[in-house]
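Asks: As you go down the protein sequences, you meet chains A and B in turn.
To convert, note that position 475 of the first sequence is 475 in the working numbering; the numbers rise steadily by one, no gaps.
To convert, note that position 16 of the second sequence is 1016 in the working numbering; the numbers rise steadily by one, no gaps.
Everything labelled a hint here was simulated from the structure, so no lab data went into it.
Note that beta-carbon positions come from the ideal geometry of N, C-alpha and C, so glycine has one too.
Any given hint could turn out to be false.
Unchecked claim - So, partial list: chain A residues that the calculated Cβ filter (under 10 Å) puts toward chain B:
| hint | residue |
| --- | --- |
| 1 | Ala96 |
| 2 | Asn117 |
| 3 | Thr119 |
| 4 | Asn180 |
| 5 | Met184 |
| 6 | Ile186 |
| 7 | Leu207 |
| 8 | Ile215 |
| 9 | Val881 |
What the hints assert, rightly or not - Here are some chain A residues pointing at chain B (derived, C-beta under 7 Å):
| hint | residue |
| --- | --- |
| 10 | Tyr51 |
| 11 | Gly95 |
| 12 | Ile210 |
| 13 | Val211 |
| 14 | Trp783 |
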Amino acid sequence: MTALALDAGPLETATDSCAHCGQPAAVGQRFCCPGCAAAFETIQSLGLGSYYERCIAERPPRPERFEPYDLTRFITVRPDGGKELVLAIDGLRCGACVWLIESVLGREPSVLTGRVNMTSRRLRLAWRGPASEAARLVGRIEALGYRLVPFDPVALAAARDDTDRALIRALAVAGFAAINVMLMSIGVWAGDAAGLLDTMGPATRDLLHIVSALIALPAIAYAGQPFFRSALAVLRHGRTNMDVPISLGVLLVSGLSLTQTLSHGRDAYFDSAVMLLFFLLIGRVLDHRARGQVRASVELLLTLRSTDVTVLAVDGTAALRPARSLLPGERVLVGMGERIGVDGVVERGDSSVDTSLVTGESLPVTVTAGAAVFAGTMNLGAPLTVRVTAAEDGTLLAECARLIEASEARRSRFVVLADRVARRYAPAVHLTALATFVGWYVWGGASLSAALLTASAVLIITCPCALALAVPAVQVIATARLFRSGILLKSATALERLAEVDTVVFDKTGTLTEPSLALVRDGVDPAALRDAASLAAHSRHPLARALVAASGNVPMADQVEEHPGQGVSAGGMRLGSAAFVAVSVERQFPASSDRHGAASPDRGGAASPDHGEAASSDRHGAASPDRGGAASPDHRGAASLDRHGPARPGHLTQQRAASGGPDEPGHDGGIELDHDGGIEPGHDGGIEAGHDGGIESDHDGSGRPDDPPTSSGEGHDGQSGPELWLSRPGRAPVRFTFAERPRHDAAETIARLRRMGLKVRLLSGDRAASVARIAAAVGIEDWRGECSPVDKVAALRQMGGRVLMVGDGLNDGPCLAEAHVSASPATAADISQTLADAVFQGAGLAAIGELIVTARRARGLMRGNIGLSIVYNVLMVPLAVAGIVTPWLAAAAMSGSSLLVIGNSFRARA
Amino acid sequence: MNVILLLIAASLFLGGCGLAVFLWSLRTGQYEDLDGAANRVLFDHDPPKR
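All chains should be built: construct the whole structure from the sequences, respecting the hints.
Replies: Right under this line is the structure:
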């Protein structure tokens, strides 16, 4: 409900808002859910009520039950005996959240340190006492609505970025030197006043030059290292980049200035050399920062998505372990509504699996023992036992991995604009300087030192200070601008590649369409919808949430009873699967009512996984006959729950198993690690409402006589769309169908892309009929359905041109890597986000237009900047060659052109 | 003009102090959380334990 209420556009406006999270609450209710009430209570009881006044941004997130983590393996022991844990925080909105978390932890006697880093959104938690204390402290914060995910200390240490600090140290040293050398230089220039006055005695001038040298030379030796190293590295490979002329210029100028100083010469260029480094380092630091920030965000995103899987040992005990630590042959239990964290083969259980993230199919697939399942898919039905297999050749995964590898190698050959310019520019500069030296020395009759001095003046003037700033300055500003609108650019060259795009290819499921299903409104009786929503408000099931979102704000029904896995009821009303509300079939199959009766006692103690499975497969067996194809509430809907959170702008993706709040009774089939590492029964795999025994889609069911005609448009190919039924005393049951819906601005975005002169295409792995419907809805004529990953890549190659691929599924992975440039929504599969050049957040597709517009504008500015610095060179180089550039003129020209370029770059913000 | 020696020494010393302080603040991680620092100013009472 959390996210749906925000972006699905309720029909009515909210009249009451929750005292904790500020989201719509039912009329007359103070809170929207028990979690909020508990969080509010906790905050008030600690005397931290001023939190609500401190909140300046959004209100706090709504507390939910988060997936359990085994924290103990992330704990490090400090020298003083305290234990420490670093956690990523999701849900941090403003300073008030920092204050709340730190204050709550501060009241815990065992806590030594509880400090939030707001920039990196991390919590450093240290406490004394047993390791199990961690779970309690983390639970305390999670009850307030923040999700905490531990960082692996080893990975954390490995990822520590020392380059940033090294660059800033170099920048500080260069800045210090630049100021002080300039102080001396201005003295020299003032005394000399461009050679007109000559009031300064040579001794004083020598003194100032010597002091300048003493400051500048060590500073250059230190602060110039980033450039020297990079220049050496490319020279070793027989190539050249912008750092080569920079290093050469700085070194030559310092060397010549030193000889000038020692030979009591009049001109020294220490100030120019140091200032050059200072300016260039600013560009470097900014560049590094912008990229580091994006990297950190992506890291955080991935950390928050990763979850532990429940591993079954041979003796039947279960433990939580990270998915990547599993070996082939091990068995994993996947509860209802959980993501399947591994690739493997189903050993036991019959269920349906949402594969939309992997294959792009919008309807779930039925799996039984022996079926292959992939990491990233979601189990919608009964618990499954999955045996882990390695990715074998011939599987979809292996295929994808191979295609991705091949494509990535090809793309790494892209040459950025700056390097293309540098390749031509650097030799030209060197030749000009050399010609100047030779000209003056051989034909001009100048002395060796005078000729060298003139040549070095040429190097200073041409030193590509402005040129080196031209591209990174624009990049930093454009990237920051995109970052603010929720688009993370992961690759430095992405902007330039984006600007060249001539075709945009979209994936369908989850990219063009919303990651969750929406109610089909045609012919829905508003009164029935209101009744249904009042029941649905008590459930977290994705379809129930979609109902509530579609109905707007309705009062919650009283005394609602949940029937886990089946539906909800209140009074005489029932909302759930066809079987649950007894639509047309209940009387024919009395077994199903037995099932309902038996369900509750049956479930309580699902401590042993075997038991849970047995129960569920029984349920499934009973469910099949009585459903006649009309029965299944959805599939895609369940996926939506977990893929939905991220649709909120600025809200990071999370995997949340659909599950009850912390206090909700009636959990079964799931297993939770308790504080001592043992197993504790009592969690329901998750989805409380709206399911009947198995929520599989009934692929072959629509032919049955009692299957009502589908109106959702999803009923093609013998597929029935997901649905919910509502029964009310004395009235005919009402059916609600749900369908995939294009993102709200998809058609608009596509029209905009067209206006920008881009071709738009659609490649999907889904059935042709679904693809055709969505293509028509968003206005794409050129579409293809039923594409395997190989087909997609082939189609992409066939298109030629420069393609921007937008996709979210694993099956899009090869395309994302193959395309000229690629983007993924933040709801995409991990692998897609890793491969994509840009990751965009938010419910809409507007980001795609924004990306291309910004990229084109940035490219224009980069070219403009390069043009500016070349014009400057064309004007100044003849003066330098003629030998009439004095040190102060060089310094003024250089800083002038740099400032001009930086100023021009700021236009990328607009 | 000998005063210039004193002035140069003084300016370098002061500049050096500034540089040293900056490097110290960098090393002690004072630039790690600029967003947090901006907000912490407003935490007037009930400071959390360090």
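Asks: If a hint holds in the structure, say so; if it doesn't, say that too.
Replies: Hints and how they fare:
1. Ala96: holds, 8 Å
2. Asn117: holds, 4 Å
3. Thr119: holds, 5 Å
4. Asn180: holds, 5 Å
5. Met184: Holds, about 8 Å.
6. Ile186: violated, 12 Å
7. Leu207: holds, 8 Å
8. Ile215: With a closest approach of 7 Å, the Ile215 of chain A hint holds.
9. Val881: violated, 35 Å
10. Tyr51: violated, 11 Å
11. Gly95: At 3 Å from the nearest chain B Cβ, Gly95 of chain A passes the 7 Å test, so the hint holds.
12. Ile210: violated, 10 Å
13. Val211: holds, 6 Å
14. Trp783: violated, 44 Å
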